[in-house]
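S.K.: Go by the hints and put chain B onto chain A.
2 protein chains.
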Amino acid sequence: MFKIFQTKNKSRRGQLVTAHGTIETPCFMPIATKGAVKTLSSKDMEALGAQILLSNTYHLMLRPGMEAMAKLGGLHAFMNWNHPILTDSGGYQVFSLSRLNKISEDGVVFQSHLDGSRMHLTPELSMQMQKAIGSDIRMQFDDVAAGDSSYERYEDAMERSLRWAKRCKEHFVGSCDDALSPGQRTIAVVPSDKVSSQLFGIVQGGTHEDLRQRSAEGLVEIGFDGYAIGGLSVGELKEDCYRFTEFTTRFLPQDKPRYFMGGGMPEEIVYYVSVGVDMFDCVIPTRNARHGTLFVWNQDPLTIDFAQAAHDVFAPTFYTTKRLTNEAFQFDSGPVDSRCSCELCAHYGAAYLRHLFATQELLAYRLATIHNLTFYLTLMRSLRSWLVA
Amino acid sequence: MFKIFQTKNKSRRGQLVTAHGTIETPCFMPIATKGAVKTLSSKDMEALGAQILLSNTYHLMLRPGMEAMAKLGGLHAFMNWNHPILTDSGGYQVFSLSRLNKISEDGVVFQSHLDGSRMHLTPELSMQMQKAIGSDIRMQFDDVAAGDSSYERYEDAMERSLRWAKRCKEHFVGSCDDALSPGQRTIAVVPSDKVSSQLFGIVQGGTHEDLRQRSAEGLVEIGFDGYAIGGLSVGELKEDCYRFTEFTTRFLPQDKPRYFMGGGMPEEIVYYVSVGVDMFDCVIPTRNARHGTLFVWNQDPLTIDFAQAAHDVFAPTFYTTKRLTNEAFQFDSGPVDSRCSCELCAHYGAAYLRHLFATQELLAYRLATIHNLTFYLTLMRSLRSWLVA
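Residue numbers (my numbering), protein chains in the order written: chain A, 109 to 497; chain B, 109 to 497.
Next up, chain A with everything else stripped away, as it sits in the complex:
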């Protein structure tokens, strides 16, 4: 169930109810690719105030595998995270990571990027795997056209994704009739599958207005619990990414959550919120952290005029980034961000973090990740405050 209780122009402030708790939107979903946000535990994620995590079906399918997932009672129990989880369909990784053998109407045949073993994935299998994982929000399986595809390939992929969306919906509805056995859930008790899970459709169509519109309208006709904007933030011009996101939202129902997949930088999220997007996931805060790039506020985040920030999307002023691997920080005993109270900024100086990066101490990656996730989660909290102010 999704409820919007505040709008400001097109920006929306809402609540998404799941069996593992209510998510305040707009929200950011840290990425627990293989069942862990890199360097952090689920207890760390609770301490950071994350509301929901995203995990990748493709990676979990390879390791620990779906047999382990089912035997161990699903991902919530496995990683001891008793809050919402969203899973992707596996499609994106099949198209981007594995050696793809064949796309057919049935699904895709591919080789594992780990050991080359031959596997296949269909809309139905994706639904079954996401059910074994026990995620609260599940994504339809889609045909993902590469970022530089021809109009014909985009159209073909979009049409096939619509047909696969229908098969996902049918299989998802069917699978809800048999609740998961709670007997295996030895760590955390979660409600039955029947109550909890939701299915989101994914709008495709590349950078073509007609394809985007047909995709969105087709999905709405099938009917989903939420709608994702897919196939953007994949190398196209930033202008196009902004324009097509705004364009796509025109064809999505007001009363369902909208999820922009895989983006982005802080100013991009601010822009997407300004055109009515509710949910985000991105590797930027965690990946940048591990590479030593940290986000730093230029002002108290509660004082940001987000309408102005969305307007200034090409020249953001509310934050900057620092490269903590830089020699300039060698003697800097001050905090990386004096406006931040995360474990890093509250207790350690920039020089110490630089030293940890220089000596490749694993603590560097952890402290930097905690900082950048704190930044992103604080950004979302500030956006939500601004929306009700």
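Simulated from the structure, these hints should not be mistaken for laboratory data.
Mixed in with the good hints, there may be bad ones.
Any copy will do: because identical chains look the same in the list, a pair fits if it lies in one copy or spans two.
Quick list of in silico lysine-lysine cross-link-like pairs, DSBU-like style, CA-CA up to 35 Å [what the hints assert, rightly or not]:
#  : residue 1 : residue 2
1  : 277       : 111
2  : 116       : 210
3  : 146       : 430
4  : 118       : 179
5  : 111       : 210
6  : 151       : 274
7  : 118       : 210
8  : 430       : 179
9  : 179       : 116
10 : 274       : 146
11 : 146       : 179
Given the structure is predicted, the values throughout are model-derived calculations rather than measurements.
M.R.: For chain B alone, coordinates are given in the frame of chain A:
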């Protein structure tokens, strides 16, 4: 200042007062080689209840370097650890890690293992560097003979170490007259150098009783705040290691702390405590953790008869080890150690940790390190309880 307030046969229960707090002995010192216990922060170490950390002068000399150490106000401020720190002299790493060019009466000339740059280290320089680090307990610079040296080499190294011990003592006493400037200590305020630091001598002599005795007696004649047993746990027979540790303690004063350098497995520590050793450091808990080997109690640690355990040192029964990389744990949702309440055992199952190791998630190394350090620190607490019971 060291005070023994309980003995049980030769075992000693004491308190070592430093400017950064009182250490209850027998104690274990986790190793913060380069200013961080691998994977953990100083706040984590506080949460684990570590009383004192050991850090390596050689590594800190290379990075961040002594200029940074001095400018940033010493290691306590740098890593935000407001509790005792012990530093080694740099000698052991010079002899084991670097390309050694020349030992002379003055000191050693060597090449950095990082960039091959030519450096030298003398007793006086070691004292100066440990002063820049600002450690509470400092070790004399010694000539470390390799584990398979001839009697002549052991004798020569032992005699030189005695002469260097005298130079360290003289330089240490001298340096205490000028207190460190507290102006640079921007994070933690620590008392002046004059009050805090202590100097330990190191008994050498390999596996030769006469050399060990001459070394210990020579050091006691010079007079130190504590005495370390060096040059053992370096590949010799376990029997020899136990025998020469016991033998060495006979020549050490009762009213000064004794520190066994670089050992060992839990049962070895129990044995050394039984012959009157007070302080320990070892990479085993942290290194084994990162390789997936975890210590598991076979009984409530507070019920261990440590006199019996010291007797059974060749066949310990109070604990076992588990290889968490083993496939056997694939479906094991139970905790690694049901008697442990560390972050790992309280919240995650063995199958999850195995998955984190299999997927090389950095969280694996952190959770395993927290567990093994909890094991070692609990062992020391249990030993101390047993000593006053």
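S.K.: Starting from the hint list further up, note which numbers the structure goes against and sort them upward.
M.R.: Violated hints (numbers, rising): 2, 4, 5, 6, 7 and 9; every other hint is consistent with the structure.
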